[in-house]
Amino acid sequence: MSAIQPNVHPGANGDPNRPALYSSANRDILRVMLKPTVLWAFAFSLALISMVIGGYCWYYQVIWGMGYAGITHPTFWGVYIVDFVFWVGIGHAGTLISAILYLVRSRWRTGVYRAAEAMTVFAVMTAGLFPVLHLGRCWQMYYFFPYPNQRQLWMNFKSPLMWDVFAISTYLTVSSVFFVIGLIPDIAIARDHATGLVKQVYGLLALGWRGTGRQWRHFAAAYGFFAAFAAPLVLSVHSVVSWDFATANTAGWHSTIFPPYFVAGAIYSGCGMVLTLLIPMTYLFKWHDYVNNWHFESLAKMCMLTSAILTYAYSVEYFIAWYSQNPYEQAIFYWRATGEYAWAFWLMVFCNCIAPLPFYFKKVRTSPVWLFAISILINIGMWMERFNIVVSSPAHDFDPATWGMYSPTWVEWGITLGSFGWFSFWFPLFCKTLPAIAITEIKEMIAPPMKGGGEKHA
Amino acid sequence: MSGAHAQSEGSHAGIRVKGVYAHLDEMLTGIDRLKKAGINGFDVVAPLPRHEIEEAVYEGQPSPVRWWTLIGAMTGITSGLLITSLTHMDWPMIMPGGKPVVSLPTFAIIMFECTILGGAMFTLLGMIIHAGLPSFGLDKAIQDPRFSDDKFGIVFTRASTKDADRIVDLLRGSGAIEVTTGDDTIYEVPNV
Numbered sequence: 232m233s234a235i236q237p238n239v240h241p242g243a244n245g246d247p248n249r250p251a252l253y254s255s256a257n258r259d260i261l262r263v264m265l266k267p268t269v270l271w272a273f274a275f276s277l278a279l280i281s282m283v284i285g286g287y288c289w290y291y292q293v294i295w296g297m298g299y300a301g302i303t304h305p306t307f308w309g310v311y312i313v314d315f316v317f318w319v320g321i322g323h324a325g326t327l328i329s330a331i332l333y334l335v336r337s338r339w340r341t342g343v344y345r346a347a348e349a350m351t352v353f354a355v356m357t358a359g360l361f362p363v364l365h366l367g368r369c370w371q372m373y374y375f376f377p378y379p380n381q382r383q384l385w386m387n388f389k390s391p392l393m394w395d396v397f398a399i400s401t402y403l404t405v406s407s408v409f410f411v412i413g414l415i416p417d418i419a420i421a422r423d424h425a426t427g428l429v430k431q432v433y434g435l436l437a438l439g440w441r442g443t444g445r446q447w448r449h450f451a452a453a454y455g456f457f458a459a460f461a462a463p464l465v466l467s468v469h470s471v472v473s474w475d476f477a478t479a480n481t482a483g484w485h486s487t488i489f490p491p492y493f494v495a496g497a498i499y500s501g502c503g504m505v506l507t508l509l510i511p512m513t514y515l516f517k518w519h520d521y522v523n524n525w526h527f528e529s530l531a532k533m534c535m536l537t538s539a540i541l542t543y544a545y546s547v548e549y550f551i552a553w554y555s556q557n558p559y560e561q562a563i564f565y566w567r568a569t570g571e572y573a574w575a576f577w578l579m580v581f582c583n584c585i586a587p588l589p590f591y592f593k594k595v596r597t598s599p600v601w602l603f604a605i606s607i608l609i610n611i612g613m614w615m616e617r618f619n620i621v622v623s624s625p626a627h628d629f630d631p632a633t634w635g636m637y638s639p640t641w642v643e644w645g646i647t648l649g650s651f652g653w654f655s656f657w658f659p660l661f662c663k664t665l666p667a668i669a670i671t672e673i674k675e676m677i678a679p680p681m682k683g684g685g686e687k688h689a
Numbered sequence: 008m009s010g011a012h013a014q015s016e017g018s019h020a021g022i023r024v025k026g027v028y029a030h031l032d033e034m035l036t037g038i039d040r041l042k043k044a045g046i047n048g049f050d051v052v053a054p055l056p057r058h059e060i061e062e063a064v065y066e067g068q069p070s071p072v073r074w075w076t077l078i079g080a081m082t083g084i085t086s087g088l089l090i091t092s093l094t095h096m097d098w099p100m101i102m103p104g105g106k107p108v109v110s111l112p113t114f115a116i117i118m119f120e121c122t123i124l125g126g127a128m129f130t131l132l133g134m135i136i137h138a139g140l141p142s143f144g145l146d147k148a149i150q151d152p153r154f155s156d157d158k159f160g161i162v163f164t165r166a167s168t169k170d171a172d173r174i175v176d177l178l179r180g181s182g183a184i185e186v187t188t189g190d191d192t193i194y195e196v197p198n199v
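Those sequence lines, one after another, are chains A and B.
Take the first sequence: its letter number 355 is residue 586 in the numbering used here, and every next letter is one higher.
Take the second sequence: its letter number 185 is residue 192 in the numbering used here, and every next letter is one higher.
Check before you lean on any hint, since a few could be wrong.
A few chain A residues that don't get close to chain B, going by computed Cβ distances all over 12 Å [stated by the list, open to error]:
no. : residue
1   : 274
2   : 383
3   : 397
4   : 437
5   : 457
6   : 467
7   : 491
8   : 544
9   : 549
10  : 575
11  : 594
Pairs of lysine-lysine, BS3-like flavour, derived with a Cα cap of 25 Å [unchecked claim]:
no. : chain 1 : residue 1 : chain 2 : residue 2
12  : B       : 42        : B       : 169
13  : B       : 42        : A       : 682
14  : A       : 682       : A       : 594
15  : A       : 663       : A       : 593
16  : A       : 266       : A       : 682
17  : B       : 106       : A       : 389
18  : A       : 663       : A       : 517
19  : B       : 106       : A       : 682
20  : A       : 682       : A       : 430
21  : A       : 430       : B       : 42
Going by beta-carbon spacing under 7 Å, a handful of chain B positions derived as facing chain A [unchecked claim]:
no. : residue
22  : 50
23  : 55
24  : 61
25  : 184
26  : 185
The hints are simulated quantities; they were obtained by calculation from the structure and are not laboratory data.
Glycine is no exception: its CB is placed at the ideal position from the N, C-alpha and C atoms.
Using the sequences and the accompanying hints, generate a full structural model.
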């Protein structure tokens, strides 16, 4: 694979190489829809098989009990919570790209934001499974939700776990609405290019959208507000997730650096996942006019920044452990790097602190092969970071008599595989049924057709 | 300027007139000339939101969706405060460590999430109501697939018969590539 079209860097005034016409944006992006290829069918089947394996493992765990998961005394938060935090984190880059970069009018977001936003919704849908999956009695999951139940008891709103329920459900709702609202004008385009039953289905989904002045006026106002809500929301969500740990009086978790450290990690892993998904997609769909080195390089730069923040956070944790003179804090940090889980720790350090360093060379961050390879390492590294945090602290608590090792069982690995399958099930479906690049916003970047010499307008 | 409100359904008291434009500036000229001639009651249709169009048609009238947003966010923060404090006062257990029953720092997080949720949901509702979605009943003249592609349009769904000729002239004069009236405004192609 050679570098993607070297001539598509932003021009002198920051303009990327784009099709000159509105109509070519419609056709280029809709071209790939509803035409499954062999490769697509292969990826989709792989996702389905993984989902079936995960589903079977969950069935097995429900029938035979939680003993088939490796979580036991003293580590009751195992791979399920690792997966939960991992998937919530993956979602963050999507909202960063779609909402925060929208508010700061960053131009490179346009080509990639739809796919990133879809990734957010699917990742949060995946994360939302884990609080249910890790329950021994999953059919009692409704205990999470605030309702006046027959015992006249309400949940404890002072518990970070309740904060988490509110944060994740709000995040899923708001990011889904943001995603769907942005899709309406594009679905209307798909309707106008379709025939027969497909036209009727898209027509229904487009809610009769026609692009009248009245529709655009309220749409544009609402879209800005959704972005303004999603931006602080995304920062709050991973902060709340980090408080699941940080408010616990457990060595290695009880730290005020957790919220910014988790948010940076989330954006790092999310940008990695966006690269992993978009690079093959761009090649398969031949979308170089829309997604190209400009976008990949920008994502790589986000990874460089967030990786630097992570490296700083890891170092500060060690510094504070030493500086606090707290023996428990020192012990856990010493053990993480030298104990039985040292492999996870060093894999994390390699993938999150060292692997993105080559991005400092422009050649690397504009080469799709390097970008793709490093993005995979980023995904692995961030999963390892959560494993390192979630598992090591309870395994090596204050009292040596309670120490114990945790290792995931085949049921837990199966469910983890299933979660990747579930995520990968939705993404290819999305690519083939909905415009995976925001056509209308691409048009906003194209110079509007002007005859020139018209009357002056206010 | 009350231009784009004529979303007719079915019966026609007046005559349909549709102008199709290939260029944005020509459509803006058309809007300007119509306004100067004192002719209202048209819809503008565009493949993308352009601030020039909004300024020309809705000059100085920001979308009322923002009020929905404000009311939603205020409802959200109030509900967040009420659900947490009332339920805790209903079971006033003093937690170990002596935290107060109603502890604002811990409830602030729930209140924050409820603010976002309430604000976003009300914004959605406001947008749906003001934009008139779902809008399957829009006039057939507006339902032109070229308007989601690369053309702009000014559509009268019920122009008064006495104005119709003037409107046609104004639209033609401003550079419309196609001006049609009556049933000719309905553009029928299965696929573009």
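How the hints compare with the structure:
1. 274: 29 Å, holds
2. 383: The assertion about residue 383 of chain A is violated, with a minimum of 8 Å to chain B.
3. 397: Non-interface label fails for residue 397 of chain A: nearest chain B Cβ at 4 Å, not farther than 12 Å.
4. 437: 9 Å, violated
5. 457: 6 Å, violated
6. 467: At roughly 6 Å from the nearest Cβ of chain B, residue 467 of chain A sits no farther out than 12 Å, so the non-interface label is violated.
7. 491: Residue 491 of chain A is indeed farther than 12 Å from all Cβ atoms of chain B, at 16 Å.
8. 544: 22 Å, holds
9. 549: The assertion about residue 549 of chain A holds, with a minimum of 29 Å to chain B.
10. 575: Non-interface label on residue 575 of chain A holds, nearest chain B Cβ at 30 Å vs cutoff 12 Å.
11. 594: 37 Å, holds
12. B:42 with B:169: Distance of about 17 Å is within 25 Å: holds.
13. B:42 with A:682: 21 Å, holds
14. A:682 with A:594: Roughly 41 Å separates the two Cα atoms, so the pair is violated.
15. A:663 with A:593: Given pair residue 663 of chain A, residue 593 of chain A is violated - Cα atoms ~33 Å apart, limit 25 Å.
16. A:266 with A:682: Distance of about 37 Å is beyond 25 Å: violated.
17. B:106 with A:389: The hint holds at about 10 Å.
18. A:663 with A:517: 14 Å, holds
19. B:106 with A:682: Distance ~69 Å between residue 106 of chain B and residue 682 of chain A Cα, so the pair is violated.
20. A:682 with A:430: 33 Å, violated
21. A:430 with B:42: Not OK: residue 430 of chain A and residue 42 of chain B at ~36 Å, beyond 25 Å, violated.
22. 50: 5 Å, holds
23. 55: 4 Å, holds
24. 61: Residue 61 of chain B check passes; min Cβ-Cβ to chain A is 6 Å, inside 7 Å.
25. 184: Where the cut-off is 7 Å and the nearest Cβ of chain A is about 10 Å from residue 184 of chain B, the hint is violated.
26. 185: The hint is violated - residue 185 of chain B has no Cβ within 7 Å of chain A, the shortest such distance being about 15 Å.
Against the hints set out earlier in the document, violations occur for numbers 2, 3, 4, 5, 6, 14, 15, 16, 19, 20, 21, 25, 26.
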